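Peer 1: Protein chains in written order, with the working numbering: chain Z, 19 to 444; chain L, 19 to 444.
By construction, these hints were calculated from the structure, which means they are not laboratory data. None of these values were measured; they are calculated from a predicted model. It is possible that some hints are incorrect.
[As the list claims (entries may be wrong)] A partial selection of chain L residues facing chain Z, derived with a Cβ cut-off under 8 angstroms:
1. Asp177
2. Ala180
3. Pro189
4. Pro193
5. Leu318
6. Ile321
7. Gln323
8. Ser329
9. Gln340
10. Leu379
11. Gln390
12. Phe424
13. Gly428
14. Lys441
Glycine is no exception: its CB is placed at the ideal position from the N, C-alpha and C atoms.
Protein chains: 2
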Amino acid sequence: MRTHPVQTTLLNCGISNEVLNTYKERVERFHFELENSDDMTGWIDYPLMDHEQLFREIESLKEEISGNADVFVVIGIGGSFLGARAVQEALTPYFGARENGTEVKYVGHHMSGAYLQQLLHYLDDKEIYINVVSKSGSTMETALAFRVLRQYMENRYGDDAAQRIIVTTDPEKSPLKRIAEKNGYRHFAVPPDIGGRYSVFTPVGLLPIAVAGINIRSFMEGARNAALELKESDLTLNHAYQYAVIRNKLYNEGYSVEVLASFEPALKQFHEWWKQLFGESEGKEGRGIFPTCLTFSTDLHAIGQFIQEGSPILFETLLHFQETEGDYIVPFDQRNEDGLNYLAGRSFNEINATSKQGTALAHAEGGVPVIQLEMKKLDEYHLGYLMYFFMKACAMSAKLIEVNPFDQPGVEAYKRKMLELLKNPK
Amino acid sequence: MRTHPVQTTLLNCGISNEVLNTYKERVERFHFELENSDDMTGWIDYPLMDHEQLFREIESLKEEISGNADVFVVIGIGGSFLGARAVQEALTPYFGARENGTEVKYVGHHMSGAYLQQLLHYLDDKEIYINVVSKSGSTMETALAFRVLRQYMENRYGDDAAQRIIVTTDPEKSPLKRIAEKNGYRHFAVPPDIGGRYSVFTPVGLLPIAVAGINIRSFMEGARNAALELKESDLTLNHAYQYAVIRNKLYNEGYSVEVLASFEPALKQFHEWWKQLFGESEGKEGRGIFPTCLTFSTDLHAIGQFIQEGSPILFETLLHFQETEGDYIVPFDQRNEDGLNYLAGRSFNEINATSKQGTALAHAEGGVPVIQLEMKKLDEYHLGYLMYFFMKACAMSAKLIEVNPFDQPGVEAYKRKMLELLKNPK
Numbered sequence: 019m020r021t022h023p024v025q026t027t028l029l030n031c032g033i034s035n036e037v038l039n040t041y042k043e044r045v046e047r048f049h050f051e052l053e054n055s056d057d058m059t060g061w062i063d064y065p066l067m068d069h070e071q072l073f074r075e076i077e078s079l080k081e082e083i084s085g086n087a088d089v090f091v092v093i094g095i096g097g098s099f100l101g102a103r104a105v106q107e108a109l110t111p112y113f114g115a116r117e118n119g120t121e122v123k124y125v126g127h128h129m130s131g132a133y134l135q136q137l138l139h140y141l142d143d144k145e146i147y148i149n150v151v152s153k154s155g156s157t158m159e160t161a162l163a164f165r166v167l168r169q170y171m172e173n174r175y176g177d178d179a180a181q182r183i184i185v186t187t188d189p190e191k192s193p194l195k196r197i198a199e200k201n202g203y204r205h206f207a208v209p210p211d212i213g214g215r216y217s218v219f220t221p222v223g224l225l226p227i228a229v230a231g232i233n234i235r236s237f238m239e240g241a242r243n244a245a246l247e248l249k250e251s252d253l254t255l256n257h258a259y260q261y262a263v264i265r266n267k268l269y270n271e272g273y274s275v276e277v278l279a280s281f282e283p284a285l286k287q288f289h290e291w292w293k294q295l296f297g298e299s300e301g302k303e304g305r306g307i308f309p310t311c312l313t314f315s316t317d318l319h320a321i322g323q324f325i326q327e328g329s330p331i332l333f334e335t336l337l338h339f340q341e342t343e344g345d346y347i348v349p350f351d352q353r354n355e356d357g358l359n360y361l362a363g364r365s366f367n368e369i370n371a372t373s374k375q376g377t378a379l380a381h382a383e384g385g386v387p388v389i390q391l392e393m394k395k396l397d398e399y400h401l402g403y404l405m406y407f408f409m410k411a412c413a414m415s416a417k418l419i420e421v422n423p424f425d426q427p428g429v430e431a432y433k434r435k436m437l438e439l440l441k442n443p444k
Numbered sequence: 019m020r021t022h023p024v025q026t027t028l029l030n031c032g033i034s035n036e037v038l039n040t041y042k043e044r045v046e047r048f049h050f051e052l053e054n055s056d057d058m059t060g061w062i063d064y065p066l067m068d069h070e071q072l073f074r075e076i077e078s079l080k081e082e083i084s085g086n087a088d089v090f091v092v093i094g095i096g097g098s099f100l101g102a103r104a105v106q107e108a109l110t111p112y113f114g115a116r117e118n119g120t121e122v123k124y125v126g127h128h129m130s131g132a133y134l135q136q137l138l139h140y141l142d143d144k145e146i147y148i149n150v151v152s153k154s155g156s157t158m159e160t161a162l163a164f165r166v167l168r169q170y171m172e173n174r175y176g177d178d179a180a181q182r183i184i185v186t187t188d189p190e191k192s193p194l195k196r197i198a199e200k201n202g203y204r205h206f207a208v209p210p211d212i213g214g215r216y217s218v219f220t221p222v223g224l225l226p227i228a229v230a231g232i233n234i235r236s237f238m239e240g241a242r243n244a245a246l247e248l249k250e251s252d253l254t255l256n257h258a259y260q261y262a263v264i265r266n267k268l269y270n271e272g273y274s275v276e277v278l279a280s281f282e283p284a285l286k287q288f289h290e291w292w293k294q295l296f297g298e299s300e301g302k303e304g305r306g307i308f309p310t311c312l313t314f315s316t317d318l319h320a321i322g323q324f325i326q327e328g329s330p331i332l333f334e335t336l337l338h339f340q341e342t343e344g345d346y347i348v349p350f351d352q353r354n355e356d357g358l359n360y361l362a363g364r365s366f367n368e369i370n371a372t373s374k375q376g377t378a379l380a381h382a383e384g385g386v387p388v389i390q391l392e393m394k395k396l397d398e399y400h401l402g403y404l405m406y407f408f409m410k411a412c413a414m415s416a417k418l419i420e421v422n423p424f425d426q427p428g429v430e431a432y433k434r435k436m437l438e439l440l441k442n443p444k
């Protein structure tokens with residue numbers, strides 16, 4: 019088997035050739051259904067298309083923003099910000115922005131009045147650009163925050179505000195598009211056949227990622243290679259489909275919760291993106307694996323007890339990056355009062371990798387099915403590959419439980435109730 | 019019924035008097051078992067005891083730190099930092115520290131080399147104090163980070179480092195206690211009969227909370243009132259026990275996952291504390307409700323789809339604070355291009371509360387059992403009350419599924435495996 023950037027190791031939930039054979043035909047059929055469908059499947063070939071002009075436009079805008087803003091405010095919710103934020107936080111230092119990037123802040127992803135008030139206060143002594151992202155152009159949280167931020171920009175910059183407001187929305191149906199045209203805001207199109215949770219490789223994700231100082235060409239190169247390699251219809255050669263099949267087999271055996279656990283806290287927002295992708299794609303018609311995420315070893319000292327010995331409803335997917343930007347060596351200490359000199363000279367990342375091995379062994383012995391996804395490095399290329407890998411696996415997973423991976427009818431329920439209550443206050 | 023600070027509203031999972039009667043006797047028995055036990059139940063009466071001397075010691079140290087440090091670094095994992103961080107993040111502005119508080123950073127809660135390296139770089143131009151928190155004094159993550167930070171302090175401050183290092187640990191058995199005495203570090207005791215996840219009201223939580231500029235007396239007043247009111251053995255009068263009973267009833271009906279959802283992003287770390295409390299107390303012997311948390315309305319546009327229409331394995335506990343520090347009024351906009359003028363003049367918090375109502379209705383109609391916990395204000399007093407409320411409810415919950423609420427045997431499994439691998443590297 020070739021060496022894929024995502025190495026899937028099946029610890030104690032390996033699937034036999036017999037099992038693979040029972041899935042082979044169905045996977046192939048669903049593969050061709052996905053490939054030949056034109057219902058919200060624009061994301062499948064998007065990374066294979068020529069985006070040179072878009073890259074240049076984004077890169078030039080990034081330079082303009084670098085020179086004229088301290089903070090780039092992204093206004094969006096759900097698929098309109100989760101992908102961008104996942105990549106930005108995974109590849110930005112823990113303290114402060116990248117040297118070649120602009121600080122990115124988010125708003126419009128909830129309705130906290132305290133947060134909004136404090137954000138505006140924070141922005142008062144900084145130069146800013148804003149990017150409102152909404153495919154429909156009418157999502158309440160985003161629209162309300164945009165109303166506030168837009169007036170704030172006009173108060174601060176007067177006629178120059180238009181230059182600092184960027185709109186990412188549907189090219190045809192969105193009211194935001196009309197607002198942009200009427201007021202002279204620059205705007206990017208969200209391809210109509212790509213849904214929010216599959217949109218990180220479009221301008222929805224690429225503009226904030228680029229502004230943060232991250233190389234979007236490497237990121238897209240990872241996605242492109244994944245799109246090529248995972249076009250394989252043969253289950254025995256397609257790692258993403260194998261992951262989908264293992265999940266399905268475990269689901270059928272009664273495991274109702276998947277824990278995605280990673281070992282680098284920079285991946286917390288990546289977890290949020292992953293939860294939306296799988297939860298919103300699969301959770302319908304009374305079906306689906308409930309997706310939840312943990313950061314180890316932090317959570318081994320918290321919810322770890324439950325995984326090891328609690329209700330046997332979980333399986334675990336361990337996501338590990340062998341290298342990160344930066345590391346630290348355990349120092350020697352003459353006093354050795356803590357008895358840890360035996361670790362002196364080893365790196366924290368090395369010990370972290372051992373903690374991952376220990377976790378896999380302990381949980382597997384405890385009877386928890388453990389899937390391991392091993393990536394070489396936490397960088398643009400591998401994140402791009404991994405995100406596409408999960409998208410492809412997710413679409414196949416949803417097909418295997420016979421739900422539509424691309425709709426979200428249940429999200430409307432709370433919106434309707436909220437609107438009724440807002441329009442008819444007691 | 020009296021008005022408790024935690025108002026429990028049972029939407030569609032109310033329990034009838036018949037059900038309450040079937041639990042009444044068991045709850046009373048377990049109540050007296052807890053009250054009369056001396057096995058790790060020190061937390062039950064701790065807020066009722068006189069801590070005046072401890073408060074003064076902590077307040078005086080907080081003044082010293084305010085005057086001499088820009089950053090207070092807490093080194094701890096699991097119960098040694100989750101409670102402090104929950105309160106600190108809930109009651110600190112989203113951007114920057116409190117006016118009367120010192121910035122608090124955390125380390126030793128995972129083994130990311132990148133994070134450690136970047137934290138030290140961040141600290142380089144700031145004055146610092148450090149607080150290492152570990153009951154046993156030998157937890158690997160914490161001990162390794164303390165080794166690094168201690169040398170860092172000695173390099174920066176020479177002999178004065180000892181004045182800037184504070185130890186919180188077991189008063190007798192811990193090797194950290196010996197290190198503190200030998201090197202002249204000030205130290206606080208973790209009461210031996212209080213476990214990590216029940217320790218937020220001890221110096222483990224109180225010192226970092228005070229240093230962040232939060233009023234620990236109001237916080238403890240909330241806990242004290244909860245401890246008094248929830249000493250009630252009668253299930254029909256004890257809201258914490260009612261919450262425990264509803265959970266147990268739902269668990270017995272096959273709901274295996276509890277989603278705690280709140281409407282203020284400042285509560286994200288509070289969620290982490292809550293997950294440890296319930297997960298580690300209940301998840302053993304193949305039993306327990308899997309605890310997970312969401313922030314609404316952010317997650318209504320992500321995992322909300324799953325809750326509304328996915329596998330029917332979840333029940334939901336909505337946690338809502340009516341008031342927060344700060345809010346924002348939706349402005350009128352002459353152009354009304356977004357059509358939202360009908361909301362002008364209303365506050366974001368008001369709309370957020372409506373979103374909560376809409377969510378409860380939508381999810382209940384979708385067949386999800388919804389419990390509502392309503393708090394008056396997100397402040398010291400109510401957080402203190404709420405945390406004690408959850409602790410009491412959790413102990414009773416664990417009793418109801420007949421597991422020990424105060425041990426965590428499964429956490430050792432991964433530690434053992436990791437140590438084996440570290441001591442015998444391939």
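Peer 1: For each hint, tell me whether it holds in the structure or not.
Peer 2: Structure-based check of all given hints:
1. Asp177: violated, 15 angstroms
2. Ala180: Given a least distance of 13 angstroms, the restraint on Ala180/L is violated.
3. Pro189: violated, 18 angstroms
4. Pro193: holds, 7 angstroms
5. Leu318: holds, 5 angstroms
6. Ile321: Holds, because the Cβ-Cβ distance from Ile321/L to chain Z comes to roughly 4 angstroms (cut-off 8 angstroms).
7. Gln323: OK, holds: Gln323/L within 8 angstroms of chain Z, min 4 angstroms.
8. Ser329: holds, 5 angstroms
9. Gln340: violated, 12 angstroms
10. Leu379: holds, 5 angstroms
11. Gln390: At about 15 angstroms, which exceeds the 8 angstroms cut-off, the nearest Cβ of chain Z leaves the hint on Gln390/L violated.
12. Phe424: violated, 12 angstroms
13. Gly428: holds, 3 angstroms
14. Lys441: Constraint on Lys441/L satisfied, holds at 7 angstroms.
Checked against the numbered hints given earlier, this structure breaks hints 1, 2, 3, 9, 11 and 12; the rest are met.
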